[in-house]
Amino acid sequence: MSVATAARAREPRSWGPTWYGLLVGGMVVGLVCFVYQWVNGLAVTGLSNTISWGMYIIAFMFLVGVSAGGLIVAAGAELVGSERFASLQRLAVILSGTAILVAAISILPDLGRPQFVWRMIRQPHWTSPLIWDVIIITVYLTIAGIDLYVLTRPEPRPGLLRTVAFVALPTAVLVHSITAWIFGLLVARPFWNTALLAPMFISSALVSGLGLLIVTTFIVQRVTDWEPGRGVYDDLGRLMVWFIAADGFLLFAEILTTYASRVPDHLKQLNVLLVGRLAPVFWAEVAIGVVVPFAICASGLRRRRGWVVAAGALAMVGVFAKRINIVMTSMFMPLVGLAPGIPNGRPGQGFAPDPIYIPTWVEAGILIGLASSFGLLVTLGVRRFVVTGRVPSIRTG
Amino acid sequence: MPEDTKVSPIEALPEAAREYGAIGEVSDEPRWGMAIDTERCIGCWSCAVICKSENDIPLGMWWNRILTKGDDLDTPTVGEFGGLEMSWVPLACQHCDDPPCMKVCPTSATFVDVEHGRLVAVNQEDCIGCRYCMAACPYGVRVFNWGEPEQPAEGFDLGMVEARPVGSVEKCTMCIHRLIEGQVPSCVWSCPAQARIFGDLNDPDGELVRVIEERGGTQLLEEKGTKPKVYYLEPRRRRSL
Ligand code: SF4
Ligand code: SF4
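Just so you know, the protein sequences line up as chains P and D, in that order.
Just so you know, we're using this note's numbering here: the first sequence kicks off at 6 and counts up by one.
Just so you know, we're using this note's numbering here: the second sequence kicks off at 514 and counts up by one.
Since the hints were derived computationally from the structure, they do not count as laboratory data.
Please read these numbers as outputs of a predicted model, since none were measured by experiment.
A hint or two may mislead.
Claimed, not checked - No more than 25 Å apart at the CA atoms, straight line, and that leaves these computed lysine to any residue pairs for SDA-like:
| # | chain 1 | residue 1 | chain 2 | residue 2 |
| --- | --- | --- | --- | --- |
| 1 | D | Lys582 | D | His690 |
| 2 | D | Lys616 | P | Trp123 |
| 3 | D | Lys616 | P | Pro119 |
| 4 | D | Lys740 | D | Pro589 |
| 5 | D | Lys565 | P | Trp123 |
| 6 | D | Lys616 | P | Leu27 |
| 7 | D | Lys565 | D | Glu593 |
| 8 | D | Lys740 | D | His690 |
| 9 | P | Lys273 | D | Pro589 |
| 10 | D | Lys582 | D | Glu736 |
Start from the sequences and build out the full structure, keeping to the hints where you can.
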């Protein structure tokens, strides 16, 4: 073996192409599944007339959440004049903008007739929260774009930045509140029909948005030469303590009120969550989404980067589980629940007195597609706006 | 069967049958409603089945179904004094006067048809299939076209009502196509126990309003404030099997 070949063999291999290949592959999978579903109808999903909303809506809620959460952290830091997160602002805005874009796209596969979605614009029905959500998402996306533009100018304009943050903060709060009101304003679903739903959505958004920010900060730091600044993980962990505390508090307040007042419909749905079929997911949510990350961030472990990153990841998983619970609890329990139940909706499948929902590979494929688009856009954004001026390529090895 | 050989069963009805199904006197501005006498209902599912054929409802879907009180479809409950009891709640769209499904529909595909007795109708052309209305309806009476609609056999559909496209939502129309011809809905016409009374809620002298008042008709989930136009008449006496 010549010296030259030996040297080449030892040369570290670049992960860039593999990473991009995976993401593009994921997007292709998602697209193929979407077309397949479009041709065959939503019959290829695990949904039914009883559980008529599923993974797509859950993904939508989650994405709007991380998006709002990320921007609230960034804009909030700007408004209180915090220097500590300055290095993270661009990253936070890229994450938020991308998440809301992908959230908007994730609505399409949920529609039975996506080719007619423009009718929402041609003949909007103003009493529908869905219309308001479309409007606020558009506004929010624009603001995220402007924010990124202002942040990435060569000469920083602090005054302008503050103004943008001033508009961005309430918009971010609103985008997730209106998403909450899509659910919260329905008399038919007692579990959603609570004034606490919007505040709970916001607190969960903060937790998951911050979780995502922590995890991506870590990843970008690992694979590039970018440095987020000293003590950033400690600070983010400190913030996480408050967010999780608020989120856990609201959840507890909601459950206590329902449990103590014992309104039959409402209690029935709550029991599905606490002791019924969803109990494993619920208690997992509490353990990995609240207790463990809170314990990590509130203790001395916070000063260790690895622990903070783990807490961020767990908190995100916990919030995702919470989204599943929020949607499914109401879907499992129709108000008029007498036998034989609601017709399933497919030939030969009869009625569903005790409905179950198992997402199919088509739904999984579309979710992979959405996640991959998110990954790709964030990677491109990070390369363009975060690690510029340093080594723009992904570090090898 | 080719399309043009289909005859509307309403037109094909003999005179006597048309008379039996005639709506009769109504006010100037009718508000269509119905009362279901649960004392008379025998849980036979006739109205549910005729609804399927009247409206060409695809396999796997029902606009109208008969719920059994208690825990099971075919099991009586034990009454207060130990006797066995069985009663039913026939359930279809309640044509709410304040319909939550209409309020949330982003495209106005679901609307209150003021020209036809304030019935709640769906214009499938405009439906984008978001299924928000299904989440919003407290009664769970809306069904979605998950895949290509299937009929039990070719030519089975009567074609009196238009087929609904894949990916759109559908539900009871109160047989609007029959109302236009002055005939009561199919479920009312077909009930062997005559448990369904159809009429105009705006006509204080009509049979419908009278029977609702006399019997103290109740609405399902009244507390949700949806103001259903379908009333249920409770049994006047205890019935044991
Ligand atoms: S019963 Fe349901 S579908 Fe019918 S009008 Fe009321 S809310 Fe709408
Ligand atoms: S599924 Fe159709 S009818 Fe129902 S809310 Fe959506 S657009 Fe309106």
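These are the hints, each one checked on the structure:
1. D:Lys582 with D:His690: violated, 32 Å
2. D:Lys616 with P:Trp123: Given pair Lys616 (chain D), Trp123 (chain P) holds - Cα atoms ~19 Å apart, limit 25 Å.
3. D:Lys616 with P:Pro119: holds, 21 Å
4. D:Lys740 with D:Pro589: violated, 30 Å
5. D:Lys565 with P:Trp123: violated, 32 Å
6. D:Lys616 with P:Leu27: Violated: Lys616 (chain D) and Leu27 (chain P) sit about 43 Å apart, past 25 Å.
7. D:Lys565 with D:Glu593: This hinted pair is violated, its Cα atoms lying about 36 Å apart.
8. D:Lys740 with D:His690: holds, 24 Å
9. P:Lys273 with D:Pro589: holds, 23 Å
10. D:Lys582 with D:Glu736: Holds, at about 20 Å.
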